[in-house]
Amino acid sequence: MRECKIVSRKFDIKNSHTLEVARLHDGYRTLQKLQEYAPTEIIQIIKDANLRGKGGGGAGAGEKWELMPQNSDKLSFLAVNCDESEPGTFKDRQIITKDPHLLIEGILITCYAIKAHHAYIYIRGEYKQYQDILQFAINEAYEAGLLKECDITIHRGAGAYICGEKSALLESMEGKRGHPRLKPKQKEPEWFFGNPTLVNNVETIASVPFIVQNGADAYREYGTQKSPGTLLFAMSGHVEKPGVYEAEFGTSMMEYIKYYGGGIKNGKKLKALIPGGVSCGVLTAAECENLTLDYESLRGIGSSLGTGGMILMDEDTNMVEVLKNILEFYHEESCGQCTPCREGTGWSDKLVGKILEGNATKEDIDKLLDIANTMNGKTICVFAPAVSSVIVSFIKKFRDEFEDRV
Amino acid sequence: MSEMVYVIVDETTYKAKEGSLLIDLLIKENIKVPYFCYHESLGADGNCRMCMVEIEGQKRPQIACDTLIKSGMKVRSKGENIQKVRTDILELELINHPVDCPICDQAGECSLQDFYMDYGLHNAKVTIADKVKHSKHVDLGSNVMLDQERCVLCARCTRFTDKITHTHELGIIGRGDDAKVSTMPGRKLSNPYAMNVVDLCPVGALTSKDFRFSQRVWFLQTANSICHGCAKGCNIYIDHNKIKYQDDVIYRFRPRRNDAVNGFFICDEGRLSYKELQENRQEEIILHDNIITEDEALEQIKNLIQEFKNNTIITIDANLYNEEIDAIVAFAKKIDAKVYSPLEIYMDEAFGDDMLKSSNRAANAKKIQNSNIRTETPAKTGLLINFNHPQKFEADETINFATHKGKQASLTLPVAVYSENSGTLTNEDGLIQTCQKAVFKNNPTPTIIEYLIRLSS
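Chains as they are written, first to last, in our numbering: chain A, 1 to 406; chain B, 1 to 457.
Because the hints were derived from the structure by calculation, they are not lab data.
On a predicted model such as this, the values are computed, not experimentally measured, just so you know.
Some hints could be false.
Claimed, not checked - With beta-carbon atoms standing in for the labels, derived distance ranges:
no.: 1; chain 1: A; residue 1: G300; chain 2: B; residue 2: K188; range: 54 to 62 Å
no.: 2; chain 1: A; residue 1: T153; chain 2: B; residue 2: S135; range: 36 to 44 Å
no.: 3; chain 1: A; residue 1: R156; chain 2: B; residue 2: M184; range: 20 to 28 Å
no.: 4; chain 1: B; residue 1: K188; chain 2: A; residue 2: E20; range: 38 to 46 Å
Unchecked claim - When the alpha-carbon atoms are kept at most 27 Å apart in a straight line, the in silico DSSO-like pairs for lysine-lysine are as follows:
no.: 5; chain 1: B; residue 1: K125; chain 2: A; residue 2: K350
no.: 6; chain 1: B; residue 1: K74; chain 2: A; residue 2: K187
no.: 7; chain 1: A; residue 1: K176; chain 2: B; residue 2: K133
no.: 8; chain 1: B; residue 1: K180; chain 2: A; residue 2: K183
no.: 9; chain 1: B; residue 1: K59; chain 2: A; residue 2: K74
no.: 10; chain 1: B; residue 1: K125; chain 2: A; residue 2: K324
no.: 11; chain 1: A; residue 1: K183; chain 2: B; residue 2: K17
no.: 12; chain 1: B; residue 1: K188; chain 2: A; residue 2: K176
no.: 13; chain 1: A; residue 1: K354; chain 2: B; residue 2: K32
no.: 14; chain 1: B; residue 1: K84; chain 2: A; residue 2: K226
no.: 15; chain 1: A; residue 1: K367; chain 2: B; residue 2: K163
no.: 16; chain 1: A; residue 1: K362; chain 2: B; residue 2: K59
no.: 17; chain 1: A; residue 1: K187; chain 2: B; residue 2: K59
no.: 18; chain 1: B; residue 1: K180; chain 2: A; residue 2: K324
no.: 19; chain 1: B; residue 1: K188; chain 2: A; residue 2: K185
no.: 20; chain 1: B; residue 1: K84; chain 2: A; residue 2: K350
no.: 21; chain 1: B; residue 1: K131; chain 2: A; residue 2: K185
no.: 22; chain 1: A; residue 1: K183; chain 2: B; residue 2: K15
no.: 23; chain 1: B; residue 1: K163; chain 2: A; residue 2: K350
no.: 24; chain 1: B; residue 1: K125; chain 2: A; residue 2: K185
no.: 25; chain 1: B; residue 1: K70; chain 2: A; residue 2: K185
no.: 26; chain 1: A; residue 1: K187; chain 2: B; residue 2: K17
no.: 27; chain 1: A; residue 1: K183; chain 2: B; residue 2: K84
no.: 28; chain 1: B; residue 1: K188; chain 2: A; residue 2: K367
no.: 29; chain 1: A; residue 1: K183; chain 2: B; residue 2: K188
no.: 30; chain 1: B; residue 1: K441; chain 2: A; residue 2: K350
Beta carbons are placed, not taken as given, at the ideal position from N, Cα and C, and that holds for glycine.
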């Protein structure tokens with residue numbers, strides 16, 4: 001296990017959230033170097049590093065940056081997605097509380113590359129106390145004259161999960177209901193009040209300073225060919241030492257859990273694991289055995305890496321209860337725009353509730369799969385397909401537990 | 001982007017504009033596709049997910065309202081797969097929908113009912129006890145009642161207040177299956193076009209307080225007509241019903257699409273103007289407070305015209321049909337009378353706006369202007385024959401052909417209103433439009449032309 005700290009380098013230092021400590025540890029160093037490059041060169045570096053978005057989708061960040069117009073009459077904006085609401089995920093809040101200046105530095109580089117002069121940080125409403133730390137850091141940066149070229153504004157969300165979806169995030173920032181927008185017909189940037197806008201996750205932006213400072217090759221030293229670099233992987237649930245620990249892509253999942261997490265809580269056996277926030281299909285312990293933590297490996301077994309926030313469940317876990325818990329969340333959080341999602345999340349939640357109470361029949365289990373099928377691939381955003389894959393993975397892999405209850 | 005290209009839908013080739021919406025083509029060509037949220041005046045929103053079609057080369061079914069026409073595109077609008085997808089989504093749409101069609105005013109003109117017959121017909125998998133409960137009687141204001149349980153959340157009404165009237169009274173609150181249409185707390189739906197949301201609503205969620213519970217829609221007959229509320233000439237449907245042995249009754253006006261005039265909408269004032277056609281109507285022929293027969297009245301008119309030769313003027317209401325105005329002008333020539341139609345009285349600046357409402361409240365003012373009729377107020381005269389002009393004129397003797405009660409005259413004769421007669425109108429833009437006769441009475445009130453024929457014989 002190679003320990004590698006790119007984003008979490010200053011996490012353990014006392015008062016790491018202050019400008020003074022950040023500066024002591026090379027903070028804002030890249031800004032001096034920045035002028036040596038043209039904006040498009042910065043984008044090229046990010047592309048060469050093959051930095052992948054760390055909000056869950058894993059799309060290439062450089063490709064996204066490239067969609068931003070370099071010569072436009074309109075203003076360009078950067079929106080940093082800090083709506084971290086995926087259950088099992090709590091990495092962005094580590095960055096904004098432990099090293100907010102790294103994020104600000106990343107924002108300044110990104111804005112330079114995409115020629116934006118205003119960045120918004122969309123933060124989930126529940127993160128009030130973390131927001132205060134971030135705001136403190138932004139104020140420090142303003143006072144130190146670091147934000148002359150670029151303004152940073154924190155926009156506080158109202159607590160809707162769906163606002164983590166980039167177009168819903170922008171709708172919300174425009175003061176509207178957080179509803180995902182219809183997908184554009186060709187590749188284009190996002191739009192904020194009709195202006196080209198780049199939306200990136202906090203961790204993605206926080207990874208930028210290292211890459212610009214040390215070069216694309218230094219970043220590619222870590223991780224795999226297709227998933228280079230590191231991710232703030234995290235563990236929660238039945239694990240001895242839950243928390244956020246940065247690791248490179250391609251790390252063995254079981255080794256990671258053992259090394260950083262100290263194994264399963266109370267020495268019990270692992271039964272199941274949700275790899276990257278609850279929207280990723282559940283895995284059985286056997287499936288986890290030879291897995292590595294990267295996008296390709298998890299896609300290979302029909303799940304996804306998501307945000308890297310793993311939820312571990314030991315042998316005593318009741319999988320029907322777990323699914324009920326997850327579906328309650330989705331039922332609550334579906335934005336209600338598309339019919340299949342609006343009605344499907346509620347119905348499936350009620351059905352699993354019925355199974356849990358022992359009032360269901362075997363047909364109800366098939367009905368669940370039927371609803372999951374209807375929800376998949378027929379909506380504006382990926383919320384419903386994610387719910388669908390979660391339901392299918394639970395029933396497929398733990399069907400006997402469901403059948404025991406009917 | 002505006003090039004005409006060929007696309008194939010279900011083995012048939014159609015010509016369409018490249019980059020236009022596929023659903024527009026399907027609607028235009030009468031290819032059956034279910035949809036709730038799409039509306040040609042509001043554009044695509046993509047939320048109901050009902051208009052699914054298969055497109056060759058696409059892995060999954062796509063919604064036609066968010067698919068742009070491309071040259072050579074191959075579309076399948078029917079077949080087992082697409083039927084299944086539509087049935088499944090409709091089933092979800094229905095799980096929280098109340099089963100109250102028998103008491104729902106929309107029954108008979110409800111998209112949800114129609115689509116259920118086309119794509120549903122499945123056995124219900126949910127029990128009524130599982131359904132989400134919402135408010136069933138919300139008075140939104142402006143005669144619009146909301147039943148939140150019947151709502152399919154297509155957002156047509158909210159998009160109407162956002163995009164068309166820009167008044168933003170309506171919104172959707174709550175998430176998931178708790179989402180519902182609502183006004184802001186303490187605010188009401190209040191704009192001059194508010195009742196259009198009732199027509200836009202594809203289901204029985206929004207109903208008109210004015211119309212609901214008065215008729216089942218399948219009893220109604222429909223005539224095409226033109227609103228007489230102002231000079232705009234908005235196209236309307238007159239929905240009416242004649243119960244055996246009783247007089248025909250108008251129950252509502254609905255907007256009739258005409259992109260050259262009113263698009264899809266009409267104003268609320270015009271919509272409710274049907275009431276005036278049935279209230280306070282002049283029924284009898286009255287000579288100095290005495291009811292007389294039509295023969296006696298015609299005799300009296302002929303005598304008066306003789307008596308006031310060269311001292312007679314005629315006034316015409318600027319809401320009469322083109323044909324009536326022409327007939328009156330011809331009649332005036334015959335009896336050598338000058339014709340007036342003062343237009344000043346019809347002007348109402350407070351009424352006009354930049355959408356559909358014109359400050360000129362006379363439906364046929366253009367015809368008057370085009371007909372060499374004097375539009376100033378006439379000086380005092382011997383005999384005045386007034387064809388329903390609303391103004392009060394000075395004369396020794398007055399003959400009033402009146403649709404409604406209320407005006408003093410020596411002789412008053414009732415005439416038919418426009419819904420009891422057919423004819424054409426010239427709107428403020430010079431467009432000539434036809435009104436069909438809608439109302440058939442057991443004892444029809446004569447029309448102006450009928451009187452003129454009788455007076456000329």
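Right, here's what the structure says about each hint:
{"no.": "1", "hint": "G300/A x K188/B: 54 to 62 Å", "in the structure": "holds (57 Å)"}
{"no.": "2", "hint": "T153/A x S135/B: 36 to 44 Å", "in the structure": "holds (38 Å)"}
{"no.": "3", "hint": "R156/A x M184/B: 20 to 28 Å", "in the structure": "holds (21 Å)"}
{"no.": "4", "hint": "K188/B x E20/A: 38 to 46 Å", "in the structure": "violated (56 Å)"}
{"no.": "5", "hint": "K125/B x K350/A", "in the structure": "holds (13 Å)"}
{"no.": "6", "hint": "K74/B x K187/A", "in the structure": "holds (23 Å)"}
{"no.": "7", "hint": "K176/A x K133/B", "in the structure": "holds (26 Å)"}
{"no.": "8", "hint": "K180/B x K183/A", "in the structure": "holds (24 Å)"}
{"no.": "9", "hint": "K59/B x K74/A", "in the structure": "violated (36 Å)"}
{"no.": "10", "hint": "K125/B x K324/A", "in the structure": "holds (20 Å)"}
{"no.": "11", "hint": "K183/A x K17/B", "in the structure": "holds (21 Å)"}
{"no.": "12", "hint": "K188/B x K176/A", "in the structure": "holds (20 Å)"}
{"no.": "13", "hint": "K354/A x K32/B", "in the structure": "violated (38 Å)"}
{"no.": "14", "hint": "K84/B x K226/A", "in the structure": "violated (39 Å)"}
{"no.": "15", "hint": "K367/A x K163/B", "in the structure": "violated (40 Å)"}
{"no.": "16", "hint": "K362/A x K59/B", "in the structure": "violated (31 Å)"}
{"no.": "17", "hint": "K187/A x K59/B", "in the structure": "holds (19 Å)"}
{"no.": "18", "hint": "K180/B x K324/A", "in the structure": "holds (25 Å)"}
{"no.": "19", "hint": "K188/B x K185/A", "in the structure": "violated (38 Å)"}
{"no.": "20", "hint": "K84/B x K350/A", "in the structure": "holds (23 Å)"}
{"no.": "21", "hint": "K131/B x K185/A", "in the structure": "violated (37 Å)"}
{"no.": "22", "hint": "K183/A x K15/B", "in the structure": "holds (26 Å)"}
{"no.": "23", "hint": "K163/B x K350/A", "in the structure": "violated (37 Å)"}
{"no.": "24", "hint": "K125/B x K185/A", "in the structure": "violated (37 Å)"}
{"no.": "25", "hint": "K70/B x K185/A", "in the structure": "holds (12 Å)"}
{"no.": "26", "hint": "K187/A x K17/B", "in the structure": "holds (22 Å)"}
{"no.": "27", "hint": "K183/A x K84/B", "in the structure": "holds (24 Å)"}
{"no.": "28", "hint": "K188/B x K367/A", "in the structure": "violated (42 Å)"}
{"no.": "29", "hint": "K183/A x K188/B", "in the structure": "violated (34 Å)"}
{"no.": "30", "hint": "K441/B x K350/A", "in the structure": "violated (57 Å)"}
In summary, the structure is inconsistent with hints 4, 9, 13, 14, 15, 16, 19, 21, 23, 24, 28, 29, 30 from the numbered list given earlier, while agreeing with the others.
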